[in-house]
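Asks: So you can see what is in the structure, the chains are spelled out below.
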Amino acid sequence: MSSIFRGKFATAIKIAILAITTAILSLLAQSAFASGESAIGAFLVFAIVALNFTYFTKFSIPLKFFVPGILFFIAFVIAPIVFTVIMSVFNYQTGNYISKPASIEQVLILGVESDANQTTFDLVAGKDSNGDYAVLVSDIANQRFFISTQDKITDVDASKLIINEYGVATTAPGFTAISDNELAANDAYSKIRYKYQDGYYVKIEGQGVGAVFRQKIAYDAKTDTMKNIITGETYINNGKGNFALEGSPETVLTPGWRAPIWFENYTKLVTDTRFRTPLIKVFIWTVVFSALTVLSTFSFGLLLALALNRKMRGRRIYRSILILPYAMPSIMSILIWGGMFDSEFGAINNILHTHIAWFSSATFARAAVLLVNLWLGFPYFYLICSGSLQAIPSELLEAAAIDGANPRQIFRRITLPLLLQILSPLLIASFAYNFNNFNLIYLLTGGGPRNSLDGEVAGATDILISYTYQIAFGRGMNDFGLASAISVIIFLLVASISFYGLKKSKVMETFG
Amino acid sequence: MSKWLRENLWRHAFATFMCIFSLFPLYLVVLSSFKSSGSLQLDSFVPKELSWDNYKMLFSSPKIPFLSWVKNSLIISSVVAISSVVVGAASAFAFSRLKFKGKKFGIQLLLLVQMFPAVLALSAVYVIMERVYSFAPSIGLGSQAGLILVYLGGSMGVNIWLLKGFVDSIPAELDEAAKIDGASPVQTYWLIFIPLATPVLAVVCLLSFIGTFNEFIVARLFLVEMQGRTVAVGLQQFIGGQYASNWGAFAAGSILASIPIVIIFLSLQKYIVNGLTAGSVKG
Numbered sequence: 378m379s380s381i382f383r384g385k386f387a388t389a390i391k392i393a394i395l396a397i398t399t400a401i402l403s404l405l406a407q408s409a410f411a412s413g414e415s416a417i418g419a420f421l422v423f424a425i426v427a428l429n430f431t432y433f434t435k436f437s438i439p440l441k442f443f444v445p446g447i448l449f450f451i452a453f454v455i456a457p458i459v460f461t462v463i464m465s466v467f468n469y470q471t472g473n474y475i476s477k478p479a480s481i482e483q484v485l486i487l488g489v490e491s492d493a494n495q496t497t498f499d500l501v502a503g504k505d506s507n508g509d510y511a512v513l514v515s516d517i518a519n520q521r522f523f524i525s526t527q528d529k530i531t532d533v534d535a536s537k538l539i540i541n542e543y544g545v546a547t548t549a550p551g552f553t554a555i556s557d558n559e560l561a562a563n564d565a566y567s568k569i570r571y572k573y574q575d576g577y578y579v580k581i582e583g584q585g586v587g588a589v590f591r592q593k594i595a596y597d598a599k600t601d602t603m604k605n606i607i608t609g610e611t612y613i614n615n616g617k618g619n620f621a622l623e624g625s626p627e628t629v630l631t632p633g634w635r636a637p638i639w640f641e642n643y644t645k646l647v648t649d650t651r652f653r654t655p656l657i658k659v660f661i662w663t664v665v666f667s668a669l670t671v672l673s674t675f676s677f678g679l680l681l682a683l684a685l686n687r688k689m690r691g692r693r694i695y696r697s698i699l700i701l702p703y704a705m706p707s708i709m710s711i712l713i714w715g716g717m718f719d720s721e722f723g724a725i726n727n728i729l730h731t732h733i734a735w736f737s738s739a740t741f742a743r744a745a746v747l748l749v750n751l752w753l754g755f756p757y758f759y760l761i762c763s764g765s766l767q768a769i770p771s772e773l774l775e776a777a778a779i780d781g782a783n784p785r786q787i788f789r790r791i792t793l794p795l796l797l798q799i800l801s802p803l804l805i806a807s808f809a810y811n812f813n814n815f816n817l818i819y820l821l822t823g824g825g826p827r828n829s830l831d832g833e834v835a836g837a838t839d840i841l842i843s844y845t846y847q848i849a850f851g852r853g854m855n856d857f858g859l860a861s862a863i864s865v866i867i868f869l870l871v872a873s874i875s876f877y878g879l880k881k882s883k884v885m886e887t888f889g
Numbered sequence: 015m016s017k018w019l020r021e022n023l024w025r026h027a028f029a030t031f032m033c034i035f036s037l038f039p040l041y042l043v044v045l046s047s048f049k050s051s052g053s054l055q056l057d058s059f060v061p062k063e064l065s066w067d068n069y070k071m072l073f074s075s076p077k078i079p080f081l082s083w084v085k086n087s088l089i090i091s092s093v094v095a096i097s098s099v100v101v102g103a104a105s106a107f108a109f110s111r112l113k114f115k116g117k118k119f120g121i122q123l124l125l126l127v128q129m130f131p132a133v134l135a136l137s138a139v140y141v142i143m144e145r146v147y148s149f150a151p152s153i154g155l156g157s158q159a160g161l162i163l164v165y166l167g168g169s170m171g172v173n174i175w176l177l178k179g180f181v182d183s184i185p186a187e188l189d190e191a192a193k194i195d196g197a198s199p200v201q202t203y204w205l206i207f208i209p210l211a212t213p214v215l216a217v218v219c220l221l222s223f224i225g226t227f228n229e230f231i232v233a234r235l236f237l238v239e240m241q242g243r244t245v246a247v248g249l250q251q252f253i254g255g256q257y258a259s260n261w262g263a264f265a266a267g268s269i270l271a272s273i274p275i276v277i278i279f280l281s282l283q284k285y286i287v288n289g290l291t292a293g294s295v296k297g
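Those protein sequence lines, which keep their order, are chains A and B. Residue numbers for the first sequence follow the numbering used here, beginning at 378 and rising by one. Residue numbers for the second sequence follow the numbering used here, beginning at 15 and rising by one.
Misleading hints may appear alongside valid ones.
Think about it this way: if two alpha-carbon atoms lie no more than 25 Å apart in a straight line, the pair counts; the simulated SDA-like pairs of lysine to any residue are [said to hold, decoys possible]:
| no. | chain 1 | residue 1 | chain 2 | residue 2 |
| --- | --- | --- | --- | --- |
| 1 | B | LYS118 | A | VAL459 |
| 2 | B | LYS284 | A | LEU795 |
| 3 | A | LYS599 | A | ILE486 |
| 4 | A | LYS568 | B | PHE149 |
| 5 | A | LYS658 | A | ILE805 |
| 6 | A | LYS880 | B | LYS118 |
| 7 | A | LYS658 | A | MET854 |
| 8 | B | LYS62 | A | ILE728 |
Keep in mind the hints are simulated off the structure, nothing from the lab.
Make the full structure from the sequences, and use the hints.
Replies: As structure tokens, then:
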């Protein structure tokens, strides 16, 4: 049997798998470098080297077990975390999303103006006698016809042209027109600036139509400024990802680029009331929500475990029903509850004979969130508590009973303190989990109600993580930089909560 | 009042109340799935009609590619579950059984990182996969392969940690004996460890399957095309999206999609509860 894992056959398989993996990764690395994603390319090269080195040398045996796992771990866990930290010191949002070279290119493309009359021409796209991209322009108002390329303009006499019933020239000697389909398929035609007069040029604006523009903005690489050639205004690099008009920092050229702004995303959260107030509000609700959830799910779970903590009729049936909310895919359950709370057609209002718009009022929405989370969470603590109750030595309880303690005293003085001690790491873990219970909030209330007319991003039931999601992916402004800064803060919070929990459970001491 | 009543009445009363609470939404969904009106309204507790329209709609309406959603979910979840266990088990074995430099640091890093909720790094994952898309669209943003990669990579921390816990619980004497007999670590892994750990690996595999099946937010961000969605994303869109709250079809769909998960879950109950408490309720 061991021959499968040694010998020529095994070696052949090993080489084959490694060769295929290396080939695929090399191809990917090549195209990554080709499209300028050098960080991803570098990682792929690292992966290739690591894989081949590990499996072709006897450098380290443990490494042979790790390498695939570690590579995935670095690519999809470590890299995003590091990248989150990096993004958090950048101005990285709608309008500042692209790289600086791309931004300069865009600003120059957009930095044009049409002539005073906003002249448009009928034209035909094609190639001139030299095979260069060209347009045959019909200036019908002035009865002037010309062929224009990127760098020269040639007037053509009307008598040499074929002119259709609208007065538009369709063919000229030496000019090869292309069809509309060809034009649509090749965007090179519409990118070219075809020469016109007085510094203006003609640009294809659609099938058979062109308009007259001139460049207004120019980039000066030496001083890293943008200049308006016509008015002489200067736009200076403001260090935050935009060129801003000299003397008027609010007037910026768009789009900007993602630029490092160091701790501004963080300081903004502390000093700017527009960000600080909602953040504090959301933070308080996050803590209240997590704490109340742990309290309610634990109490109900414990009470149930106590109620069913003895041989009695129907215990198995109770148990299998009570576990159902936990067994259901939570996404489905949350959506179902969302439907039940519907103000018009929901079952809750049906039963209560009320007409409460649950998700329009902050108080009702919060109550609904807590109720649903109780439903989702109590079976977990029921299961845990039933298990832990069995683990409490019965001698302790018997001894207390002999000493004359009544059941209530036994529970309060012995059972509960012992349980809390055993379960405190799980209670803390549950707190940390609910601290980031994104699915519940997002699928039940969407974080609402929120007054989006006032531009409010934080809703009444938003917890930190759903708030972060709103900032990064919500409608309107998407601010990855700010969202990442909040993510980093949440991570520090959760890590310290969990660390505290782990210290208590003494998991840390069993290392190594 | 008899002694029996005094001691047991509150127990039955409370348990019954909680059972009703637990069952109510589930009963309502079953009820709604057989109603043709398409709302989650409670007209009466007793079913008034038994219409299969909602179920038929799922399988026949061209607007609702329910079968391809299920297929996508099954493929994505299975690939992720199996690959993550194959890759994770080897790492967990090394962490649990082999001695090497930096092991302690590795475990601490793993522990720290597996606490970092994946949603927190969502914008980073999004931006990275957007860039991957720019040179390899088939594994970038919007592709199922890309989604699988993100799940697989993202599950590494938790899975290695979970598997390590299980591996630790397998007695070390056997593989120590094999070592004394001259087996290499690779042989010990394949010939001793894997056969011993197969049931545990199967459990982790199924847990990972459930977790992936249940994942919503990354899938929502990744899978834009109607045909390519997972069940979770598809059904959510269905009541929040362009179909103006079709609760009947949603109810039918979520029942069908939930049944296998509930069955897997109930059969693994023992392991799940043990796994959740491992490390805290010792002895």
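Asks: Does each hint fit the structure? Answer for all of them.
Replies: Taking the hints in turn, this is what the structure says about them:
no.	hint	verdict
1	B:LYS118 <-> A:VAL459	holds, 21 Å
2	B:LYS284 <-> A:LEU795	holds, 23 Å
3	A:LYS599 <-> A:ILE486	holds, 20 Å
4	A:LYS568 <-> B:PHE149	holds, 23 Å
5	A:LYS658 <-> A:ILE805	holds, 22 Å
6	A:LYS880 <-> B:LYS118	holds, 16 Å
7	A:LYS658 <-> A:MET854	holds, 21 Å
8	B:LYS62 <-> A:ILE728	holds, 17 Å
Of the numbered hints listed earlier, not one is contradicted by the structure.
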